[in-house]
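Chemist: These are the residues of each chain, in order.
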Amino acid sequence: MTTRVTLRRTLIACSALTLALVAAIVAMSLLGSEPLPARASLCAIFSAGTSPCGLSRDQYDILFQLRLPRILLAAAVGGSLATAGASYQALLRNPLAEPYLLGVSNGAAVGTMVALVFFGTLEWSRPVLAFGGALIATLAVYQLARGRAGTTPERLILAGVIVTTFLSSVIVFVTTLMDATRIRSFNFWLLGDLSGPTHTLLPIVIAISVVGTVALTLNARSLNLLMLGERDAFDLGVEVGRVRILVFVVASLLVGSSVAASGSVGYVGLVVPHLVRLSLGSDNRISIPAAALGGALFVIVADTVARTVIAPRELPVGAITALIGAPLFIYLLKRV
Amino acid sequence: MFSSPHFQPKRLLSLALALLFATALACAPAPKPETVTATQQLKDDAGRNVTLPAHVERVITLAPNLTEIVFAIGAGNRLVGDTSYCDYPAEAKNVAKVGDTLHPSLERIIALKPQVVLISTASQLETFTQQLQNQNIAVFVTDPHDLDGVFRSIEQVGRIMGEEQQANALVQKLRDRANAVEQAVKQEPPVRVFYQASGEPLYTAGHDAFVTDLIRRAGGISVTAEIPGAWPKFSNESALAAKPAAIILPTGGSMGAPNSTPAEALRSSPAVQTGRVYKINDDHLARPGPRVVDGLEEMARALHPEAFKQ
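Residue numbers (the numbering used here), protein chains in the order written: chain A, -10 to 325; chain B, 65 to 374.
It should be emphasised that the hints constitute simulated quantities derived from the structure, not laboratory data. Don't take every hint at face value.
[Stated by the list, open to error] Which residues of chain A face chain B? A few of them, derived with a C-beta cut under 8 Å, are:
id, residue
1, 22
2, 26
3, 53
4, 112
5, 113
6, 173
7, 176
8, 210
9, 270
10, 272
[Claimed, not checked] Straight-line Cα separation of at most 20 Å, EDC-like style, residue types lysine to aspartate or glutamate; simulated pairs:
id, chain 1, residue 1, chain 2, residue 2
11, B, 307, A, 143
12, B, 250, B, 228
13, B, 307, A, 219
Here the structure is a predicted model, which is why all the values come from computation and not from measurement. Ideal Cβ positions, reconstructed from N, Cα and C, are used throughout, including at glycine.
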């Protein structure tokens, strides 16, 4: 009975969010540092790029080679980070569990940095090593957080702080060894930047965000039971160990591919799942897919601000998500 | 011996007194130079009036362009410290290293007892200057925004090191070469240039970068010449929309910046389509020292090869 009700609610919420997401993709593709004729751009988008609709060659390239891929990357990164955040929060029963705060993003950043320094020309090495870094950071945090009395929320956050600061110093150490011209661009990337080349990484990031979200949504029932506590979940027939490994691996994949493509975009995994739970309830069967769509929406809007507000110069998108995210989070904390 | 008729206590006393007087006379001016050392005042590029010793025997440079200037005006033997980036001329590598430009070691600097520290931007100025001034070390800032600014830096360093003649002669020679380049390209239509400082993410040279002036003198127009700042992070879209006819890639220098291909976003730009992408040694373009004129010549030859056919 409840399953059917939940399924209907999930479908309604996700359809509404999908509509909003498509609308945002179209609307935000009309905004950028270079003005494009709105009518012709819309016509070209709805013809799926088959007809230029009177756009000049450059305008067509800007829209389809630069702006839309960047918006899609923003969507994939936002979806990945929000999904990872939502599932960490369910698995670890901790409202503050978030890729950035747990040090998972920093782990992925160290992995990406190693790929950049040692395999600079092989683009695919970045998501692979970022995934490795994220997974190692996740396992380190989890091991550190596990005391004799099990994992308490406080221990988890402390472990996250320790891993984050440790990896931050690794990052500082390696950037110090870099040459002066690279430091600036690297620091920009670290703050979250979606302007990087997308042609190789974009399909990978989108595929991982979709597959990861589906995989975690399929395990949402187990995550619901895990929110009661690992013992109770085990008694109710949840394969706790398997679910835990699955969440760790999938979330690391999601965070790793996002960080490899765009650096550490903070607060997405924290703010979006909380907003979703506040409005749709904490059933993971709804909140995980809804968080994915909401995260995509959030980062698309934030990145549009980042690339237009001081155009033709740009801001790192991570600065915008933090600027929106931190006050919003304080507001949420006060309300709850 | 004491009974010797030659022994005359009175004479000895007067001798001792005379000696003492002479010594006192000789020593008297000695403590004074500490307080009344001849100094000179020189305004630096940060707008500060810097008091410098008239004779500088020990200097430290915190940027490779300043090291190159000090050697080029023949004061390299008085350079007691420089940075790990300083690799030109070859002698610069043998100078004691005080860290890199962004993270110099204050302790190492003080231990090397320089009279003057030359720095190239005002970034670390505040804490730095205070601590060095407490040690009686003068800090002089150079921050050139165009070629004339680079020449002014050379003249300033010449004055600081007491090598005005060498510095002025060097500036004259460089100015002649720069004028020759400008003369050669004067009749050529200016080329729209995109200067790609880094491709991923895209950084370029803005209004305040001296390389923007260099591009103009080489017969080009930087499409980002009016963008505020020196090295702005730039929009991919706007770079493509600016339709650059040529792209300059500063690369291959000792800093090894991996900047050897134009940014993906510029793939359909006229510059890439017509193959007008020029790699130029970034040591010649990124260091506002004597070798920027080499960079200017290389850039002008790339943008206007026909003007340099003999």
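Chemist: Look at each hint and say if it fits the structure.
Modeler: Hints and how they fare:
no.	hint	result
1	22	holds (4 Å)
2	26	violated (13 Å)
3	53	violated (11 Å)
4	112	violated (10 Å)
5	113	violated (15 Å)
6	173	holds (7 Å)
7	176	violated (10 Å)
8	210	violated (42 Å)
9	270	violated (40 Å)
10	272	violated (40 Å)
11	307(B) to 143(A)	violated (55 Å)
12	250(B) to 228(B)	violated (32 Å)
13	307(B) to 219(A)	violated (60 Å)
Of the numbered hints listed earlier, those contradicted by the structure are 2, 3, 4, 5, 7, 8, 9, 10, 11, 12, 13.
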